[in-house]
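Using the hints provided, position chain B relative to the given structure of chain A.
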Amino acid sequence: MAKRILTYGLVAVVSATMVLAGCSSTPSPSPSSEAPGAKTIVTIYGTPTGNEGSQWEASWQAWAAANNIDIQYTGDRDFTTNISTKIQGNSLPDIAVFPQPGLMKSVIQTGKVQPLDPTTLATVQQDFSADWQAYGTVDGNQYAVPLDASAKGYIWYSPSEFEQWGVEVPKTWDDLMTLTDTIQEKVNGPVWCAGFNSGDSSGWPGTDQIAEYLLSASGGDVYDQWVSGDVKFTDQPVADAFSALGKIWLDPKYVNAGFGGVETINSTAFGDVATPLANGQCALTNQATFLEASFADAKTAAGTTPKVAPDGDIWAFMMPPVAGTQSVVGGGDFAVAFTSSPAVEKVMNYLASGDYANSLITVSGATFITANKGVEVSKEADPLLAQAIQTLTDTNTTFRFGAGDTMPSVVQQAWWKGTVDWINGASQSTVLNQIQASWADA
Amino acid sequence: MTLMPVSRSTRRVHHTHRTLSSPWATVGALVIAVVWTVPTLGLFISSIRPASQITTSGWWTFFAHPQTTMDNYSATMDFVSSGITVTQALVNSLTITIPATVLPITLALMVAYALAWIDFRGRHVLFVAIFSLQIVPLQMLLVPLLKLYSGGVVIAGTQIIPGFPANSLGSGFAQVWITHAMSALPLATFMFHNALATIPVDIMEAAQIDGAGHGQIFRRLAMPLVLPTIASYAIFQFLWVWNDLLVATIFTSGRNAPVTKILADLSGVYGQQWYLLTAGTFVAIVVPLIVFFALQRFFVRGLLAGSTKG
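Protein chains in written order, with our numbering: chain A, 67 to 508; chain B, 758 to 1067.
One chain only, chain A, in its complex shape (with noise of 0.2 Å):
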């Protein structure tokens, strides 16, 4: 009987041990085989899903196939949480992509971050502004290679209507300021359509303009000190940043162009001031990028769908500066390496590298743009993403993240809040404690 049971156990233990072994060997391409003819395997992981993802994953297909490395990429929409997990299990990809500067930092400092090899350090250093290369930098080593950018601060308006107005492109805010009374004289209304409705997220539109204003009025030392905390809401240069704002939402003789009154600011959902700026009911309007997609459902006065071109029914320029040079708020992907290995090394220098930058921005039907000084701008067909990128490639431009994302969340959310607080009636300083008292909790 005992000799059974042996038996039994026996054939059970090696039958696991068999399974285990059996599925530890089978599936698994040895990533460091480097076996003639066999292709060498690099992992990276990141925040892009579907279509996204498969457009990523488009930009750097042509030259692994070419240089005889596979790429294997894996979209994540929980990657924020997921690399944390991963980091403390030690379970890592070759490389990883982030979305915001402030969660690579922390991770860079856990020390499982590769610093760049000496030849992407050179790439990067030669492609990338000093204001970008900041954002990858910890403890005065290089790790990250910026992979591509995001703009926010357009001023929506239509070409069409400037000259029929006889008014330009105003260079300074103070002409902006101008050209909307003179707008409000033409027009014997109001100037300025806003919406900031966006769900759990209201009021991020606004936050984001009073980010671009501060940056613009005050330069980057300011802002970043503000987004550390060490410039509180209640200083002067925050409270600058409304005052100079609050003076076109609050005022009922230049907002909101198309909806009603400074209330109907917070009814009104980001996207949907697309439908006024279109059919000429409101002149100008602040939003990313992003909102060129909106014009596609939009319809003119005519009943026609717009054209976007600088010549065309709607148009963009950015905010002007309110101070000194170009500022522009937005944000970008961070690619690190978690291994180190000749393969590894080649794809991050691709990465950072001018060539790279051209496949992306000419990925089709995807809409990146770029921050890499060695960009031929030329290439990218849409020209509103050819004049972004021409503006973050360009060296006097000043360059910061969002202010909100890079902040702690209780107070990007408490910011978001006051926000629509503010347009609803409560007093600025109110406001600004409120914001301020959020930091407590960070």
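If you are wondering where the hints come from, they were derived from the structure by calculation, not from laboratory data.
Be a bit skeptical, because a hint or two may be false.
To be verified - Result set (DSS-like, lysine-lysine): computed pairs, CA atoms no more than 30 Å apart in a straight line:
# : chain 1 : residue 1 : chain 2 : residue 2
1 : A       : K313      : A       : K237
2 : A       : K445      : A       : K237
3 : A       : K105      : B       : K904
4 : B       : K904      : A       : K171
5 : B       : K904      : A       : K412
6 : A       : K171      : A       : K298
7 : A       : K178      : B       : K904
8 : A       : K237      : A       : K252
Here the structure is a predicted model, which is why all the values come from computation and not from measurement.
Only chain B this time, still in chain A's reference frame:
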């Protein structure tokens, strides 16, 4: 479905039978069935409506303006995320689910048999210890398991069991199978132990007197007797693994992802294609439905097995 052990019927069973087959009970059952089915019906109707209608009006307006299209289904089948299509994801799901169901059932059956019918010191303590592992939430296991898979087992500086190849995103399905098997074992052992323990001692003793060893008893007596329990547990485990997203996203790479991961991606980065989820859901539930209907005979019997025994 007739109740099987009619021969052992008591007055109580007759009473229950009468109550359950009264007209009011039938009406009640029908109402419950309809209420339970309406959301699924709505989902199905949505899945065959054009996208422009799904996003602007409720599914019930379909009856006023019937207009059907298969576009959502073709868009779902053409969808590609992280390099795989929905069809490939369905194959991945099967590849993950079948071993992740068979593996824990096989192990748990043997453990449960030993705990129920082999007399050794500490078996009760061991049984309680195994079952109490059920309270450990799966989320707590993720980080330790990832460490185990990547580093293997090292005792006093010696590598006892090697880890999976360094590049975790390329190491196939093994990690998912083992993780699901581990988390399923406590409940499976508990259920099989309870089922095996109800086999009358007389039968077991008779078999032993006839010269059967534990191996023979296990294969030819115990297993056939608890088959309904095995089948009903298999359904549960199959559905649990099939519907799992957490373990799959943590332990598989893009090309090994199951259909749940693709479904999560289907709505797009900004959720702008959420209407495709209606069709995606129906594509994904086809396999569980087949499994359920194939095994439902056992399923109902398995549920009733415990209730009618003396």
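task = Could you tell me which of the hints above the structure violates, numbers in ascending order?
result = Nothing - there is no hint that the structure violates, so all of them hold.
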